[in-house]
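Using my numbering, you'd call the opening residue of the sequence shown number 240 and step up by one each time.
Honestly, I wouldn't trust all of these hints.
Straight-line Cα separation of at most 25 Å, SDA-like style, residue types lysine to any residue; simulated pairs [as the list claims (entries may be wrong)]:
#1 K263 / D278
#2 K263 / Q282
#3 K263 / F249
#4 K263 / F283
Okay, the calculated beta carbon distance ranges per label pair [what the hints assert, rightly or not]:
#5 Q282 / T261: 17 to 23 Å
#6 Q282 / D260: 26 to 32 Å
#7 V272 / F249: 15 to 21 Å
#8 F283 / T261: 25 to 31 Å
#9 M280 / T256: 28 to 34 Å
#10 F283 / K263: 28 to 34 Å
#11 D278 / F249: 27 to 33 Å
#12 Y257 / M280: 17 to 23 Å
#13 L281 / S253: 17 to 23 Å
#14 Q282 / A252: 30 to 36 Å
#15 Y257 / D278: 30 to 36 Å
Derived from the structure by calculation, the hints contain no laboratory data. Where a beta carbon is used, it is the ideal one built from N, C-alpha and C, also for glycine.
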Amino acid sequence: MGLLGGCGIFGIASSATYVVDTYKELDTEAMVVVILIRDGMLQFLR
Numbered sequence: 240m241g242l243l244g245g246c247g248i249f250g251i252a253s254s255a256t257y258v259v260d261t262y263k264e265l266d267t268e269a270m271v272v273v274i275l276i277r278d279g280m281l282q283f284l285r
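Generate coordinates for the entire structure from the input sequences, incorporating the hints supplied.
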């Protein structure tokens with residue numbers, strides 16, 4: 240379970256880094272979307 244959770248976090252972090260590095264003009268909007276998705280997933284898991 241720990242390995243699976245770690246891989247999930249690594250995938251999210253690397254995709255967020257890719258978006259921020261590739262689309263400089265969309266970095267704020269992209270991070271807002273990532274935060275909303277993360278918070279939605281956390282609410283679903285509770």
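Here is how each hint holds up against the structure:
The hinted pair formed by K263 and D278 meets the criterion: a straight-line CA distance of about 23 Å does not exceed 25 Å. Among the hinted pairs, K263 with Q282 is inconsistent with the structure: their alpha-carbon atoms are about 29 Å apart, more than 25 Å. Between K263 and F249 the alpha-carbon distance is near 21 Å, which keeps this suggested pair within the 25 Å criterion. At most 25 Å may separate the alpha-carbon atoms for a hinted pair to count; K263 and F283 exceed this at roughly 31 Å.
The hint said 17 to 23 Å for the Cβ distance between Q282 and T261, and at roughly 29 Å that hint is violated. A hinted range of 26 to 32 Å for the beta carbons of Q282 and D260 is consistent with their spacing of about 29 Å. In this structure the supplied range 15 to 21 Å holds for V272 paired with F249, their Cβ-Cβ distance being about 19 Å. Take F283 and T261: their Cβ atoms lie about 28 Å apart, and the range 25 to 31 Å holds.
Under the hint 28 to 34 Å, the C-beta atoms of M280 and T256, about 19 Å apart, miss the expected range. Checked against the given bound of 28 to 34 Å, the beta carbons of F283 and K263, roughly 31 Å apart, stay inside it. Checking the proposed 27 to 33 Å range against D278 and F249 shows it is violated: the Cβ atoms sit about 19 Å from each other. For the hinted restraint 17 to 23 Å between Y257 and M280, the CB-CB distance of approximately 19 Å keeps it satisfied.
Between L281 and S253, the C-beta spacing of about 20 Å keeps the proposed range 17 to 23 Å intact. Against the hinted window of 30 to 36 Å, the Cβ-Cβ separation of Q282 and A252 comes to about 20 Å, which falls outside the hint. A hinted range of 30 to 36 Å for the beta carbons of Y257 and D278 is inconsistent with their spacing of about 21 Å.
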